[in-house]
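Colleague: In case you want the letters, here they are:
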Amino acid sequence: AQKVTQAQTEISVVEKEDVTLDCVYETRDTTYYLFWYKQPPSGELVFLIRRNSFDEQNEISGRYSWNFQKSTSSFNFTITASQVVDSAVYFCALRGHSSSNTGKLIFGQGTTLQVKP
Amino acid sequence: NAGVTQTPKFQVLKTGQSMTLQCAQDMNHEYMSWYRQDPGMGLRLIHYSVGAGITDQGEVPNGYNVSRSTTEDFPLRLLSAAPSQTSVYFCASSPMTGRTEAFFGQGTRLTVV
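Just so you know, the protein sequences line up as chains A and B, in that order.
Here the first sequence is numbered in the numbering used here, starting from 1 and rising by one per residue.
Here the second sequence is numbered in the numbering used here, starting from 1 and rising by one per residue.
It should be emphasised that the hints constitute simulated quantities derived from the structure, not laboratory data.
Do not take every clue at face value.
[Unchecked claim] Within a straight-line C-alpha distance of at most 30 Å, the following computed DSSO-like cross-link-like pairs (lysine-lysine) qualify:
hint, chain 1, residue 1, chain 2, residue 2
1, A, K16, A, K116
2, B, K9, A, K104
3, A, K104, A, K16
4, A, K38, B, K9
[Unchecked claim] Simulated restraints, written as ranges between beta carbons of each label pair:
hint, chain 1, residue 1, chain 2, residue 2, range
5, B, R109, A, P117, 43 to 51 Å
6, B, Q106, A, L48, 16 to 24 Å
7, B, Q106, A, K70, 30 to 38 Å
8, A, E44, B, T111, 32 to 40 Å
Only a predicted model underlies this, so the values are computations on that prediction, with no experimental measurement involved.
From the three backbone atoms N, C-alpha and C, an ideal C-beta is built for every residue, glycine too.
Using the sequences plus the hints, can you model the full thing?
Modeller: In structure tokens, the structure reads:
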């Protein structure tokens with residue numbers, strides 16, 4: 001069975017601090033896809049980033065960066081110089097590519113990030 | 001482009017009542033799913049479909065039924081609502097290529113009293 005674990009339930013930082021959100025996943029599929037979503041207080045789910053299992057190149061996009069490590073089954077997300085508008089719930093998600101997992105997008109429990117001014 | 005449309009946005013039911021949450025997408029996506037979101041539990045997969053006429057159970061299917069007669073629509077039925085089904089429900093769709101992100105509806109806040 002596939003599983004996504006976000007061990008950090010809540011994180012509170014002061015504006016301009018850097019913050020890393022952890023995500024650990026489990027799957028037996030050799031090909032799989034990982035995603036991060038953001039859910040602001042308004043409630044909608046906003047897609048942030050996706051990674052394929054065969055693409056371990058990490059990326060920086062503005063204040064956001066991602067660290068994908070297959071060896072530790074982790075897909076961590078970092079916000080540099082956090083802002084109050086970053087306050088939201090962040091979800092990590094996994095979709096396997098095998099016939100038994102096709103179509104199933106599994107989410108972690110979510111991490112609530114509060115950025116204080 | 002409407003994307004994924006869920007109706008209603010809010011609903012209050014009495015225990016034992018039945019209702020259907022509607023979900024429609026206009027992107028011709030093969031995959032559609034229903035999730036429920038509860039505090040501290042993240043989004044849990046209820047049922048999903050990989051195409052018209054094909055549905056399967058997710059992590060928490062009990063108490064819910066689905067059908068997929070067309071590519072566009074994927075309704076979720078509560079046959080006899082229970083207070084434990086009080087939650088926020090999200091519908092999602094995505095194309096068959098697994099690498100593409102899922103698109104979500106705005107959510108339905110359901111309260112069962």
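Colleague: If a hint holds in the structure, say so; if it doesn't, say that too.
Modeller: Going down the list of hints, with the structure as the test:
The hinted pair formed by A:K16 and A:K116 meets the criterion: a straight-line CA distance of about 9 Å does not exceed 30 Å. Our distance criterion of 30 Å between C-alpha atoms is met by B:K9 and A:K104, whose separation comes to about 24 Å. About 36 Å separates the Cα atoms of A:K104 and A:K16, which puts this hinted pair outside 30 Å; it is violated. Restraint check for A:K38 and B:K9: the C-alpha separation of about 20 Å stays at or below 30 Å, so the hint holds.
Range check, B:R109 to A:P117: Cβ separation about 29 Å, and the 43 to 51 Å hint is violated. The given range of 16 to 24 Å is respected by B:Q106 and A:L48, whose C-beta atoms sit roughly 18 Å from each other. B:Q106 and A:K70 have their C-beta atoms about 35 Å apart, which keeps the hinted 30 to 38 Å range intact. The hinted window of 32 to 40 Å between A:E44 and B:T111 is violated, with their beta carbons roughly 20 Å apart.
Violated hints, listed in ascending order, are 3, 5, 8; each of the other numbered hints is respected by the structure.
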